[in-house]
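Given the coordinates of chain U, work out where chain X should sit on it, guided by the hints.
Chains as they are written, first to last, in this note's numbering: chain U, 937 to 1088; chain X, 937 to 1088.
Please note that a few of the clues may not be correct.
Part of the chain U face toward chain X, derived, beta carbon under 7 Å [to be verified]: (1) Lys963; (2) Thr976; (3) Leu977; (4) Asn1009.
I should point out that these hints are in silico values taken from the structure, not numbers from a laboratory.
Ideal placement from N, C-alpha and C gives every residue a C-beta, glycine not left out.
There are 2 protein chains.
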Amino acid sequence: MNAKLLVAGVAAVLGVAVAQGALAQAKPEVLVKQRQAVMTLQGKYFGPMAGMAQGKVPYNAAAVQRNAGFLDNLSRMAWDGFDPSTKGEKSRALPSIYDDSGKFKQATSRLENETSKLVSLTRSADEAAVKAQIGAVGKSCGGCHDDFRQKQ
Amino acid sequence: MNAKLLVAGVAAVLGVAVAQGALAQAKPEVLVKQRQAVMTLQGKYFGPMAGMAQGKVPYNAAAVQRNAGFLDNLSRMAWDGFDPSTKGEKSRALPSIYDDSGKFKQATSRLENETSKLVSLTRSADEAAVKAQIGAVGKSCGGCHDDFRQKQ
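Chain U with its partners taken away, still in its complex shape (with noise of 0.2 Å):
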């Protein structure tokens, strides 16, 4: 069978979401359940680094090495899906992210910076520098939090 084919027929089993990734900017309510997908994710690995940090675990340098690599890609998914068209959605998303939008990609780079650094920091030993990096990541999540997230 030819890729095309092939593809076709996979289209056909997942159905809307390739047609929509494939063919057109997709859907504000698509974009909003993307990028919120990426925080639960997020929150998925960053969770057991903080406790580890924090001394709640015991510190796991391979599930460290794993966590971050997962973070460090994550850190670069959600900021697509901040597009002007997805205003009107119900979420906690502050209309500063486009009103300040340079403050905005601020932000978010900090986080794809601390994130790269923590992968970096956890091919060496050094628990110490690690578990200071994760506090780092985890500032640079509450500075985005803080200035473009709706209380609740």
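Leaving out everything else, chain X in the frame of chain U:
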């Protein structure tokens, strides 16, 4: 500020997700939310590649390389969410996931292997080979959905 104090402050900002991740096995509803978040993002990054393989959108080697890298990471994130504790949660996951866990594991490994192969191929300039491999990745998504997901 020391790392421990810093992370404690961050944990307070990020809320429950951090505490749950650090302190205990995640609750079944959290596991389902997390694994569904992975599927949402797999759709986001596979969709455009499927469109390119089908010739519906112009081939963009840089986009494929980026998406393949993300997808390769994502293809490893969902499986620990299919914990037996989630059996009672609302989802399309079929009991066969737990009743035939060997076959499920085989299907999930296949996706991981196919996405790894795609990442390797995107480093070459062979567009036809990349497109064929996008088809193989999609087929491995479908393989799991056919056997382990409730039809809609």
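Here's how the hints hold up against the structure:
1. Lys963: 12 Å, violated
2. Thr976: Interface hint status for Thr976 (chain U): holds (4 Å vs cutoff 7 Å).
3. Leu977: This hint holds: Leu977 (chain U) lies near chain X, its Cβ roughly 5 Å from the closest one there, short of 7 Å.
4. Asn1009: Hint on Asn1009 (chain U): holds, closest Cβ of chain X at ~4 Å, below 7 Å.
Checked against the numbered hints listed earlier, the structure breaks hint 1 alone; every other hint is satisfied.
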